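Starting from the given sequences, assemble the full structure and let the hints guide the process.
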Amino acid sequence: MHLVEVMSLMLREQNAAALAEAAPQRSQAEKLRDEAELLAIRHRETAAKRCKVKKYGGARHPSFGGTFVVQDMKSISENALIYHKPLGKLDQLSFDVDKQKPKTPKNRLPFVAAHSERRSAFAIRLFLKDFCAEFLNGAYNTVMHHVKDNLVRNRAQQHDESYYLWAVRFFMEFNRKHKFEVKLVSETTSVQTFHYVQQLSENYYDLMSTCKKKLRQWSRRLHMALLAYRELFLTLCAMDRSPDGSVRDSAKVIKSNILYVPEYREFVLTLLVNYDELKMSDAYLLDLIETQHVFVKIFEKFCGKEGSLFVQKRVRSGRRKRKADEQAPASGAATATQAKISLESKWDQATPQLSAVLQDGGEFLTNEVPFDAASDVPIDDQK
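The sequence shown begins at 1 in UniProt numbering and counts up by one.
For the record, the hints were derived by calculation from the structure and aren't laboratory data. Just so it is clear, the structure is predicted and the values come from calculations on it, not from any experiment. Treat the hints with care, since some could be wrong.
Cβ-Cβ distance ranges computed for the label pairs, FRET-style [said to hold, decoys possible]:
| hint | residue 1 | residue 2 | range |
| --- | --- | --- | --- |
| 1 | Glu45 | Gly138 | 27 to 33 Å |
| 2 | Arg241 | Leu38 | 34 to 40 Å |
| 3 | Arg26 | Leu87 | 49 to 55 Å |
| 4 | Asn107 | Leu9 | 44 to 50 Å |
| 5 | Glu5 | Asp98 | 49 to 55 Å |
Where a beta carbon is used, it is the ideal one built from N, C-alpha and C, also for glycine.
Below is the structure:
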């Protein structure tokens with residue numbers, strides 16, 4: 001863990017892409033770019049000095065600035081309108097210049113992130129490039145495995161996961177810009193890394209709402225986690241462009257495990273919806289939009305060229321009840337129809353016997369004793 005902390009301090013404010021593109025012989029385009037940057041810096045310094053001299057050197061006192069009269073315009077007292085500054089255009093006339101503007105509280109000011117990028121000397125850039133390449137070849141996977149194990153088991157100090165997020169973002173970007181080899185960053189190119197980074201991001205976002213005294217610190221950590229999350233997606237894009245088929249298959253497996261989970265699909269969109277300029281910086285918003293753009297490109301390619309994304313369709317239980325209700329009346333009607341048919345068949349069988357008895361008189365039973373069902377005398381005593 002201390003090794004990653006030392007490397008973060010050594011490579012602080014360094015651009016991974018600039019280090020990866022550093023070469024022993026500077027190209028003509030790089031020389032022209034450096035000269036243009038130096039010339040722009042000199043112009044800014046000269047302009048700042050000129051403004052400072054004009055502001056404090058040889059200026060008249062404001063009490064003796066003079067008074068001007070605006071013609072064809074009356075004041076409240078029906079006299080000529082008086083103005084204390086020269087006007088080039090009448091549209092510039094304003095009486096709100098000297099008014100005191102309402103002061104915005106500190107907790108309502110937009111959050112401005114102090115981001116600075118250091119461009120070291122050419123020899124130092126070459127040394128740092130060789131160091132990063134050797135670290136990737138020899139120790140990156142092992143070190144990151146032990147660092148994550150210590151973080152998961154709570155054997156590290158508080159907030160040490162920031163160094164892990166920085167290392168994931170910096171070295172994966174360096175590997176992508178230098179000589180892209182997936183085997184050098186295989187420890188952090190997995191679904192488990194996506195899950196861990198997203199879990200940290202959600203934790204930081206929740207702490208921004210609960211721990212308001214350290215709001216700016218949690219916002220910076222959330223920005224760092226977002227940069228690591230974006231670099232993971234950019235590495236997947238680089239794996240898709242790899243000439244090796246096994247690397248492309250590995251990227252497809254990772255994407256199939258990520259894109260089918262709603263938490264991964266809706267994570268960046270949730271951060272966009274919940275963006276607050278008082279809590280998050282403009283640089284964070286820019287990186288968030290770029291992350292969403294990369295994710296949409298990956299999602300579009302996965303659904304278009306590589307195959308189809310199967311979507312689960314939820315079946316409502318109400319429809320099943322309706323079918324059951326429809327089947328129940330149908331079965332009841334069928335039973336009633338069968339009973340009616342059986343009664344009609346019995347009546348058809350008894351009709352000839354009944355007609356013969358009514359016509360011929362028939363033989364009635366004489367040994368049967370009638371009884372009165374409404375009588376209080378028992379049936380056996382009535383026989």
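Going down the list of hints, with the structure as the test:
1. Glu45 x Gly138: 27 to 33 Å: 44 Å, violated
2. Arg241 x Leu38: 34 to 40 Å: At roughly 36 Å between Cβ atoms, Leu38 and Arg241 fall inside 34 to 40 Å, so the hint holds.
3. Arg26 x Leu87: 49 to 55 Å: Holds, at about 53 Å.
4. Asn107 x Leu9: 44 to 50 Å: 31 Å, violated
5. Glu5 x Asp98: 49 to 55 Å: 53 Å, holds
Violated hints, in rising order: 1 and 4; the structure is consistent with all others.
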